[in-house]
Amino acid sequence: MWNRISKHHLFWPLTVLAALLLFNLVYKPGFFSVRIQGGHLYGSLIDILNYGAPLILVAIGMTLVIATGGIDLSVGSIVAISGAIACLIVSRASDQHSLSIVLTAVGVALGLAIICGLWNGILVGGAGMQAIIATLILMVAGRGIAQLVTNGQIVTVTSNPYKYIGAGWLAMLPFSIFIVAAVLLAAAWLTRRTALGLFIESVGSNATASRLAGIRSRSVIFAVYIFCGLCAGLAGIILSSNVSSADGNNAGLWYELDAILAVVIGGTSLNGGRFYLSGTVVGALIIQTLTTTIYMVGVPPEITLVVKAFVVFTVCLIQSEKFRMAMTGKGKRRRAPAEREVTQHG
Amino acid sequence: MKRATKLGAAAALIAVTLFSAACGNNTGSGNSPTNTTNAGGEQTTAPAAGKVVLGFSQVGAESGWRSANSDSVKEAAATAGFELKFSDAQQKQENQIKAIRSFILQKVDAIAFSPVVESGWDTVLQEAKEAGIPVILTDRAVDSKDTSLYETFIGSDFVEEGRRAGKWLVEQYKDAAEPIKIVELQGTTGSAPAIDRKNGFEEVIKDQANLQIIASQTGDFTRAKGKEVMQSFLQAHKDIDVLYAHNDDMGLGAIQAIEAAGLVPGKDIIIITVDAVKDGMAAAAEGKINFIVECNPLLGPQLMQAVNDVLAGTEIERRIVTEEGTFTSEEAKAVLADRKY
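Chains as they are written, first to last, in the numbering used here: chain A, 1 to 346; chain B, 1 to 341.
Bear in mind the hints are in silico, worked out from the structure with no lab data behind them. Certain hints may be false.
Claimed, not checked - Here are the simulated DSS-like pairs of lysine-lysine, each with C-alpha atoms no more than 30 Å apart in a straight line: (1) B:K278 / A:K163; (2) B:K145 / A:K163; (3) A:K7 / A:K322; (4) B:K206 / A:K28; (5) B:K167 / A:K163; (6) B:K145 / B:K129; (7) B:K181 / B:K198; (8) A:K308 / B:K74; (9) B:K267 / A:K163; (10) B:K51 / B:K74; (11) B:K167 / B:K278; (12) A:K308 / B:K198; (13) A:K308 / A:K28; (14) A:K28 / B:K181; (15) B:K167 / A:K28.
Isolated chain B (complex conformation):
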């Protein structure tokens, strides 16, 4: 019994030293470039004086889209000569708040992050503001009333993406008289893309009475959930005409479910997705996805530009929209080979 306790204590001790060592490393590298906003501004014009430190808190690595987004930020930071502190929140807001607080403690020059959910950021953003660290939102917005909490929001217009998906559908069925039954796979409940893509889509199709959303459920932006939920939809509703998935991955999962039900994706059920990641584009090229609305993840360069501008004190736009397009099956086939992600 005694021996066991000793062993346990030893293991605990090792764990503690390991953890503290890790923390020590972090603060060590974080302390070296001490920051004031003015100095930061000068540094950007003369990079030799010391690197700009940018803290970036990513949502996670839940999809190919997100990975491409992370890579773009990392590459652009290296190109711009910034020191990037990259933190993965694994889809949890509390991790992200912790990461932002640690960026504040490390006195980084600027903080950029893609919020996991829209709400609940006021306190931590206020802390950043008081510490004099500019915050830039990327990809997803927050619903704070006080817009002085962040400098700008770089990213896609999710509502517009939803609208584009809806417009294509309305166009396809503009002559149809019979009711068109739509099922919707939503993103993570409460996340900005899920809310906005849903609203944008509904806004456009509501004028057309025969376009009806008969079922809508969250698939958490993952293939596994997309497949499982689609399978249930197919059991519950015999005559689904259209699937609208808030991202490619859920759509890809749903395609498997549709095939398992003995239906042909893209023909028996028209499929619309958002994102245009590689696997999604490949499925579109095969005709399994009929229409993809692009959501461009390569916003790293725009982010670095914005950081430079903010630190230099230049006036920047409150909203920077990324450039994106849409693809039908034929268009997807044509561009598939040149896609970066």
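For reference, chain A alone in the conformation it holds in the complex:
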């Protein structure tokens, strides 16, 4: 039984998350307290969910891209572009509170995000570029586009409906959580209840073999990059809506790295193939919990990044089976005969 639990792909990510939360509980006993404030829940856990929402979204899109053996470095820039264009449209409107303006803004922003994703898809799937280089182009250019859109200024909006997306409450929970849940369910349904997930994994394992087997690798690659772009676009809207302003310079800065990290912590291999959406969500929550923990504990800003890096390092070590084996010494006894056998045969 224990063996089965510890072999589950979510076991180590969840253990790390639990450990982080436990640390917070010991350090600040009030950490788990959630009270009702102004008609909605209020507390650190809610904050983690709320601020983690954009990262979870981006990481879900990233998971599928990584599953095809690719990578998308441009998500941070897409976050900036979509937030910028949405805020710009809302700020230009004569009546910012009008729902139709906000919907138009969201629609245009998401449309642009899809175009960005399509652009990546064309470069990777169509032109056969290396994913890391192809998406690097938009990563660099995208931030410039976002700055062009905002004219280098911070665009402030006062629209209530727009603010609702990232800072509103539904059923006492942050509205953004529901967006994440919807996207997660859609992604899970599409990849686990239809053959699409299998296609993605097969393209990630071996694109040529999949094509020979009759899978349209190119369409699959187009689809995942578009989906990734869409997720990043949504995240950009949530982020900008949360502070009611768009900052072309800093919105989504380094998001791609956090998203990739979340995917890897969640157990998906960067080589492509098998992917774990649930693992990614836990990975993103670990990153956000860590950030919140650092603020709560009061780590001096000069060493924040070192602390973060150290925890990530530890998490990755724990995830490594080889390292665990070496630490427990358990593997040595059991593994050694088997390995010898293999080398002899080899």
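Once you have looked at the hints, place chain B on chain A.
Just chain B now, kept in the frame of chain A:
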């Protein structure tokens, strides 16, 4: 497979030609006014002889303050009849070093820049010195031991800004006996305004034992980070009395967090910020920010004057301080309509 490779190659080729074309343009316009310092000096007295070329490397466009600063430099350069080469470093020192090196290669008459961080400038400034191009620092200082590397430093006195924020706070609580708990949102770690505003503030309040800074974290000068960090502060500490934010934007983000916690910004938590940009002044006029220390971004005219003086060989001050004031809520209300930025 072959077709895909060809397509990729074609795309790469287009990208390369585009990039090289862009570079060609730059060097082309950069070469036209060849420079020697003497000629530059004459040019300023007789502008018809050729434009003075000024290379300006800006930190980025991270805040309304910065944008106002950029606009002021651009406007003043146009008024003075200078050719301005403006470069945005997007908050990265390596971009700024690259920009300065390219200014040197383009043989501009003078270089002005606002350093992203304080340290690590000696090498590139030495290169500028060897090329005979005078360097003027604006807004932020560098910590180089060799002060001959730059002509002057134009900008605000950040330590003084921190002191002013602290003095107002000390004044407010001079009769208070109970401990006053302060949280601080710092600017970008390692940047001169963050270091100096922190030190100036601490220097003034340290004499008053009941003023305690209970938490201090960086908010990277942005609203989003300011809000997120403030939210954590509010969770971790139940009884915050004062917030000191190193710029308005972080303060504005924090205000949203304070409101989300069901507290009234400006009343339940006293808020002090630095900068006095438009959004900040508006919040102050509404009473959400109690005290703003101004940090004047409109230093373009002073910069152009300094460039003229340096190129003409006139002796100039090593330190030119911009004129700035402070605003309480009432004062902010009175001047809000006339503010340029």
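Are the Cα atoms of A:K308 and A:K28 separated by 30 Å or less?
Distance of about 19 Å is within 30 Å: holds.
Between the alpha carbons of B:K206 and A:K28, is the straight-line distance 30 Å or under?
holds, 28 Å
Decide if the proposed pair is consistent with the structure: A:K28 and B:K181, CA atoms, cutoff 30 Å inclusive.
This hinted pair holds, its Cα atoms lying about 18 Å apart.
Proposed proximity, A:K28 with B:K167 (alpha carbon, max 30 Å):
Given that 30 Å is the threshold and the Cα spacing comes to 33 Å, the pair is violated.
Given the proposed pairing of A:K308 with B:K74, does the C-alpha separation stay at or below 30 Å?
Distance of about 40 Å is beyond 30 Å: violated.
Take a quick look at whether B:K145 and B:K129 sit within 30 Å of each other, Cα to Cα.
Between B:K145 and B:K129 the Cα gap is close to 15 Å, so the pair holds against 30 Å.
Pair hint outcome, B:K145 versus A:K163 [Cα-Cα no greater than 30 Å]
violated, 49 Å
Are the Cα atoms of A:K308 and B:K198 separated by 30 Å or less?
Measuring from Cα to Cα gives roughly 24 Å; hence the hint holds.
Is the hinted pair B:K51 and B:K74 satisfied, with a Cα-Cα distance of at most 30 Å?
holds, 15 Å
Going straight from one Cα to the other, do A:K7 and A:K322 come out at no more than 30 Å?
holds, 14 Å
Do the alpha carbons of B:K167 and A:K163 lie within 30 Å of each other, as the hint requires?
Between B:K167 and A:K163 the Cα gap is close to 36 Å, so the pair fails against 30 Å, i.e. violated.
Is B:K167 within 30 Å of B:K278, Cα to Cα?
Status holds; Cα separation ~23 Å.
The structure is inconsistent with the numbered hints 2, 5, 8 and 15, although it conforms to all the rest.
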